[in-house]
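> The residues making up each chain are set out below.
There are 2 protein chains.
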Amino acid sequence: MSGTLTHITLARRPAGAPVPEDFKLVSEPLPIPDTGDVLLEVTHLSLDPYMRGRMDDVKSYAPSVDIGGTMTGQGVGRVLESKTDGFNPGDMVTGMTGWASHACLPGSELRKLDPTLPPTTALGVLGMPGLTGWVGLHRFGKPKAGETLVVGAATGPVGSMVGQIAKGMGLRTIAIAGGPEKCRLATDTFGFDAAIDHRAHDTAKSLRTAIAEAAPDGVDIYWENVGGKPLEAVMPLMNVHGRIPVCGMIAWYGGANIAEDNQLPAMWRSILVKRLRVSGFIIFDHWDEYPAFLSDMGPKVAKGDIAYLEDVADGLEAAPAAFIAMLNGGNTGKQIVKL
Amino acid sequence: MSGTLTHITLARRPAGAPVPEDFKLVSEPLPIPDTGDVLLEVTHLSLDPYMRGRMDDVKSYAPSVDIGGTMTGQGVGRVLESKTDGFNPGDMVTGMTGWASHACLPGSELRKLDPTLPPTTALGVLGMPGLTGWVGLHRFGKPKAGETLVVGAATGPVGSMVGQIAKGMGLRTIAIAGGPEKCRLATDTFGFDAAIDHRAHDTAKSLRTAIAEAAPDGVDIYWENVGGKPLEAVMPLMNVHGRIPVCGMIAWYGGANIAEDNQLPAMWRSILVKRLRVSGFIIFDHWDEYPAFLSDMGPKVAKGDIAYLEDVADGLEAAPAAFIAMLNGGNTGKQIVKL
Numbered sequence: 025m026s027g028t029l030t031h032i033t034l035a036r037r038p039a040g041a042p043v044p045e046d047f048k049l050v051s052e053p054l055p056i057p058d059t060g061d062v063l064l065e066v067t068h069l070s071l072d073p074y075m076r077g078r079m080d081d082v083k084s085y086a087p088s089v090d091i092g093g094t095m096t097g098q099g100v101g102r103v104l105e106s107k108t109d110g111f112n113p114g115d116m117v118t119g120m121t122g123w124a125s126h127a128c129l130p131g132s133e134l135r136k137l138d139p140t141l142p143p144t145t146a147l148g149v150l151g152m153p154g155l156t157g158w159v160g161l162h163r164f165g166k167p168k169a170g171e172t173l174v175v176g177a178a179t180g181p182v183g184s185m186v187g188q189i190a191k192g193m194g195l196r197t198i199a200i201a202g203g204p205e206k207c208r209l210a211t212d213t214f215g216f217d218a219a220i221d222h223r224a225h226d227t228a229k230s231l232r233t234a235i236a237e238a239a240p241d242g243v244d245i246y247w248e249n250v251g252g253k254p255l256e257a258v259m260p261l262m263n264v265h266g267r268i269p270v271c272g273m274i275a276w277y278g279g280a281n282i283a284e285d286n287q288l289p290a291m292w293r294s295i296l297v298k299r300l301r302v303s304g305f306i307i308f309d310h311w312d313e314y315p316a317f318l319s320d321m322g323p324k325v326a327k328g329d330i331a332y333l334e335d336v337a338d339g340l341e342a343a344p345a346a347f348i349a350m351l352n353g354g355n356t357g358k359q360i361v362k363l
Numbered sequence: 025m026s027g028t029l030t031h032i033t034l035a036r037r038p039a040g041a042p043v044p045e046d047f048k049l050v051s052e053p054l055p056i057p058d059t060g061d062v063l064l065e066v067t068h069l070s071l072d073p074y075m076r077g078r079m080d081d082v083k084s085y086a087p088s089v090d091i092g093g094t095m096t097g098q099g100v101g102r103v104l105e106s107k108t109d110g111f112n113p114g115d116m117v118t119g120m121t122g123w124a125s126h127a128c129l130p131g132s133e134l135r136k137l138d139p140t141l142p143p144t145t146a147l148g149v150l151g152m153p154g155l156t157g158w159v160g161l162h163r164f165g166k167p168k169a170g171e172t173l174v175v176g177a178a179t180g181p182v183g184s185m186v187g188q189i190a191k192g193m194g195l196r197t198i199a200i201a202g203g204p205e206k207c208r209l210a211t212d213t214f215g216f217d218a219a220i221d222h223r224a225h226d227t228a229k230s231l232r233t234a235i236a237e238a239a240p241d242g243v244d245i246y247w248e249n250v251g252g253k254p255l256e257a258v259m260p261l262m263n264v265h266g267r268i269p270v271c272g273m274i275a276w277y278g279g280a281n282i283a284e285d286n287q288l289p290a291m292w293r294s295i296l297v298k299r300l301r302v303s304g305f306i307i308f309d310h311w312d313e314y315p316a317f318l319s320d321m322g323p324k325v326a327k328g329d330i331a332y333l334e335d336v337a338d339g340l341e342a343a344p345a346a347f348i349a350m351l352n353g354g355n356t357g358k359q360i361v362k363l
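Each protein sequence line maps, in turn, to chains A and B.
Plus 24 on top of the position in the first sequence (first one is 1) and you've got this note's numbering.
Plus 24 on top of the position in the second sequence (first one is 1) and you've got this note's numbering.
Quick caveat, the hints were computed from the structure, so don't treat them as lab data.
Be a bit skeptical, because a hint or two may be false.
To be verified - Computed Cβ-Cβ distance ranges for the label pairs, DEER-style:
no.	chain 1	residue 1	chain 2	residue 2	range
1	A	229	B	342	36 to 42 Å
2	B	203	A	233	23 to 29 Å
3	B	236	A	233	28 to 34 Å
4	A	229	B	136	47 to 53 Å
5	A	345	B	51	32 to 38 Å
6	A	36	B	354	44 to 50 Å
7	B	203	A	237	26 to 32 Å
8	B	130	A	309	17 to 23 Å
What the hints assert, rightly or not - As a list, the in silico BS3-like pairs of lysine-lysine whose alpha-carbon atoms are at most 27 Å apart:
no.	chain 1	residue 1	chain 2	residue 2
9	A	324	B	168
10	A	166	A	136
11	B	107	A	168
12	B	362	A	327
13	B	362	A	324
14	A	191	B	327
15	B	107	B	168
16	A	324	B	324
17	B	327	A	166
18	A	362	A	327
19	B	166	A	327
20	A	136	A	191
21	B	362	A	48
22	B	168	A	136
23	A	166	B	362
24	B	166	B	136
25	A	191	A	168
26	B	168	B	136
On a predicted model such as this, the values are computed, not experimentally measured, just so you know.
Each residue gets a CB set at the ideal place from its N, CA and C atoms; glycine is no exception.
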């Protein structure tokens, strides 16, 4: 099959926010499929925030796009020619086509679409964004009926999925979105109980007041995909044992709007990119595990298998000075006062 | 029984680091136990970093100490008089005695000590700090043989417990401690594979280089009880799927050493005090859940029970502009390019 493949390549790495000059439209002859390959005409291409990260030459969870390389991305398309079983011309399929008019991919990397559903659903509500919301909410958000969920970027394909699943499970759902039109969509189309326009609030504090009014029982789950002002606004409203699934930080992509001394964005980026699990805990919640601990560790301490050190201050009057020294790292082992 | 009870009260709330004038030694007649109570003479008192938080009038996970109130704390002591079954004069017990020479507490709030173990172990290695290490490591650190663990304040009663349990489970254990003597104790007494003196490093970057040398395979678990420089040093060394149990942030107690624009300490404090679970995740790790997702959500989308919105840009050439607009919140729903 002859013809032209048009694709969009990365012309240069963006400095901060991408501009049109960072991209380049390039044409070349249509590739000829090898055995096992499928040639397809792309009908729809997905654009997703994660692609911003691929434009930087920074170690992340996926390789960068090379300069001159095709921008990566998922697409849906129609099979033109198949050199593998299971795919026939005319079949609608999805795969990592890149930003391109055509793609030639191994059949093993393509998935046939359900013909009863619109093909674009494979890119959004039933694609990577939908899966993100579904997996992240169930696995990391652990929603329970009666709880309160706050969702950033709430009309987007991830946030709207999260909100609708949670609403169906009996949570109170609060959308944060930009502008009155998105807020209207959040409540009317996606069923959020309340929607807050972050553009109507200049400061995190003002935004916080609005969220607090919509969340009178505090926030149990904060769906974090934005960073910046919404994160700062919501954090103090979190309830004890709250959960924060982190799948993005679009406000901080490109490094803009970050105060020089603010270590938070770098930390948050690590949490996201490294898929870290940061768990605050207070031991007073766990006294019920004391008997199990004692039966595990007591014999080991008695046998001398577990070492311990004690720093002993002498007399009750010595307690304040010993305490002050301990806060400055003056102790070595367990600080005790002998009366 | 007549006599004098001496206790240490909170004279005033500290401004930053506590000073001796924040405490006051007070005496009063010995209390007379009611039915159900036990009067005890305190022999040893525990001093723990969490007590710093109790000195502030800030909503936290436990009530503040009132001005004029006895500093809270766990002690061990000898029963002088018992008005309840199960306790007899001479018994060694532990409970929340406060910073005091004597305590009169309900028998239900006391625990008899194992006479085969030194009584002070109930305050440290087999007390709250030991339990903190044991629960936190197993439940939130989820150690696996062959992994690498970094522990802050490593010779302290929590850190030394964490290091020894992990070492016994086959992890590589790296101590961070202040000064050569503590580093020697970390390796010689507590069996850490390596110990790094944070005082020998002026900057987080220099400390990071030293930790990286000791952790050639990166860091899987960072036991975070310090904040500040060690946290900044370790974070970029974390491996994918790393775990950070957060049970303290002694470097930031009192609010010192925090740059004005740095939002990180406040965030970390919320994670600790609210016992939050912050989970970074990347959906590309979870494609194996796609079939389950599709069978759950596919029919709901087909029936119209799940709403979705698409923003459609027209033509491949429109992709860069649509992408740039999306990063600025210009889209409402899923951004798609129709080719």
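> Please flag the earlier hints that this structure goes against, numbers listed from lowest up.
When the structure is compared with the hints, numbers 2, 3, 5, 6, 7, 10, 11, 12, 13, 15, 16, 20, 22, 23, 24 and 26 turn out to be violated.
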